[in-house]
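Chains Z and D, in that order, are what the protein sequence lines are.
Convert by adding 191 to the 1-based position in the first sequence; the result is the number in the numbering used here.
Convert by adding 126 to the 1-based position in the second sequence; the result is the number in the numbering used here.
The reader is advised that the hints may include incorrect statements.
[Stated by the list, open to error] Derived CB-CB ranges, DEER-like: (1) D:136 / Z:621: 17 to 27 Å; (2) D:180 / Z:540: 56 to 66 Å; (3) Z:437 / D:201: 26 to 36 Å; (4) D:213 / Z:518: 25 to 35 Å.
For the record, the hints were derived by calculation from the structure and aren't laboratory data.
This structure is a prediction, so every number in the text was calculated from the model and none was measured.
Think of the CB as a built atom: it goes at the ideal place given N, C-alpha and C, for glycine as much as any other residue.
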Amino acid sequence: MDTACTLESGVVRDFLRDLVQVDRPGTEPPLFDTVVEEIHQLGVEPGTPVMVAMPNGAPFVTVVFALLVGGAVPVLLPPSAPPSRIERMARALGADALIAPRVPPGPYAGVPPRDLGGFARFARLSDVDTIRYRPGEIILLTSGTSGVFSGCLHRVDSLLRNAGRHARSIGQSDADSVLISLPMHYSYAFVAQLLATLVTGGRAVVAGPPFTPAHYHRTIQEHGVTVSSLTPTMVESWLRAGERLPAPLRRLTVGGDAFAASSVADLLKHNAGLELYLTYGLTEAGPRVSTLAAHLEPPRRYTSVGLPLPGVQVRLRTADADDRAGELIVETDTGMLRRVGRRDEPGPPVSGTTTSISTGDLFERDDDGYLYFRSRRPSYVMSRGEKVSLKSVCALAQTIPGVLGAEAWTHENTAGDVVFTLDVYCADPSIDEQEIRRRLATVLLRSEQPARLLIHPATHLGWRKSAGK
Amino acid sequence: MTNIESTIKHILVDDLFINVPPSEIGLDDNFRDILGLDSLGFTELRTQCEYVFGITISDEDFVPEHFSSVRTLTQLVSLRQAALSGEASAK
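Next comes chain Z alone, as it looks inside the complex:
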């Protein structure tokens, strides 16, 4: 049964007191009440969107919870977001306030950037038409699903509810120490790890990149980690290293839609007693949708992402009544309120408290209701562990002066990973690859950049479509 979900200062204070920061020996986390007061003194009013571009760590958690408790609306950005990206996000979302460890030189309104808690800077950007949201709301970006300059507006209480459901689906309790090493500006780590640990009363152990098997092993042992989440890529590197997962780790969750059944079998074979949960979700849904407790299932189910969480309904929208596969439609009371960005869209269909989310992902379902991921919309690609909108990348490349057109296509690299190549058609022959890469890097994250970039004369535009790939 779902319990009431609210963010209370006392609970947050206790949670932060127990939080562990890996790689920060001797570092005291910022005092929550002090940060709440400083944010208030900076003139941040309830409903104000505030961009937070900070790395994993106690300061990130403190700032986000302090903003929420004060009624502000955090917008979670990657800490690696280049300044141009931040400026464009600010305009798209109507957010003129920024909190980051380092604020680059730029046009700031009125006063210069100010210190926040000794660990970050607070700045107000000029020329931004601010938008007011409502206290209790938060904006989460997707890794490409909704395009580069938009986000999903959620209510925090529904995210807390989703977090509680996730925790129950993997048996997480107040006795667990949870390693949060995935980036917390993305919905999975923020909700299914950070908020799930908060609502269950467990202990958060926060780490950041780089990830290596040796470092991961040491972190689990040194900090008594019992629950961890890894990407399929991380697990593959772990399996290649030929090591067993260390004690006291008991529960591991992995994104199931991109995880090979053979890797599931390998993990379970070499780690007796491990509880392995394969998960599926998307930011728009709040984000968690389904879970497979792989250690309790026969091998034929290792390609499944399991059953929907309690409170979540799913159905398949097929093109033809006879089709086995169809687009997964998720009906949940933890769905986003609406997508926000440069072109605000109407919210998704709502029936009572339930929102209907079209995932764009093609699934099949067996007679017992287990879900099997089949493919993703062709305009998106999982590139180097992140979902990337190829359409957005092409559109951005085409804004570079001298570029007439851009086309992206996916392929496998020598390691067998899916990557994409960007064909750029230039009217200006003096433009070279480095110049295009430099320009793209001012707005794209590293994971969104093409593995290969090929320059072509403008007269060749469209040749690849006619020649095949």
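Put chain D on the given structure of chain Z with help from the hints.
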């Protein structure tokens, strides 16, 4: 500033497109906290250092202690270069 420190700063700016001029990158600025390096950024930094300095950085050395700042990475590169020189002179 040593050649290694200067080269690492230029790798950060020219190859990893960190939006900070080399002159403004402090020796102790944390790659993750101050310069915003993400997991792919760390991987690229490791690869570029291996290529530019002609060294190998093992998984054991690819840890936050060494990849924390220009100063700590410079120390690692110096160690690996010294080890290589030692191996060469022993042959």
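Right, here's what the structure says about each hint:
1. D:136 / Z:621: 17 to 27 Å: For residue 621 of chain Z against residue 136 of chain D, whose Cβ atoms are near 23 Å apart, the range 17 to 27 Å holds.
2. D:180 / Z:540: 56 to 66 Å: Check passed, 59 Å falls within 56 to 66 Å.
3. Z:437 / D:201: 26 to 36 Å: Distance hint for residue 437 of chain Z, residue 201 of chain D holds at roughly 28 Å.
4. D:213 / Z:518: 25 to 35 Å: With Cβ atoms ~58 Å apart, the hint is violated.
Hint compliance for this structure: hint 4 alone is broken.
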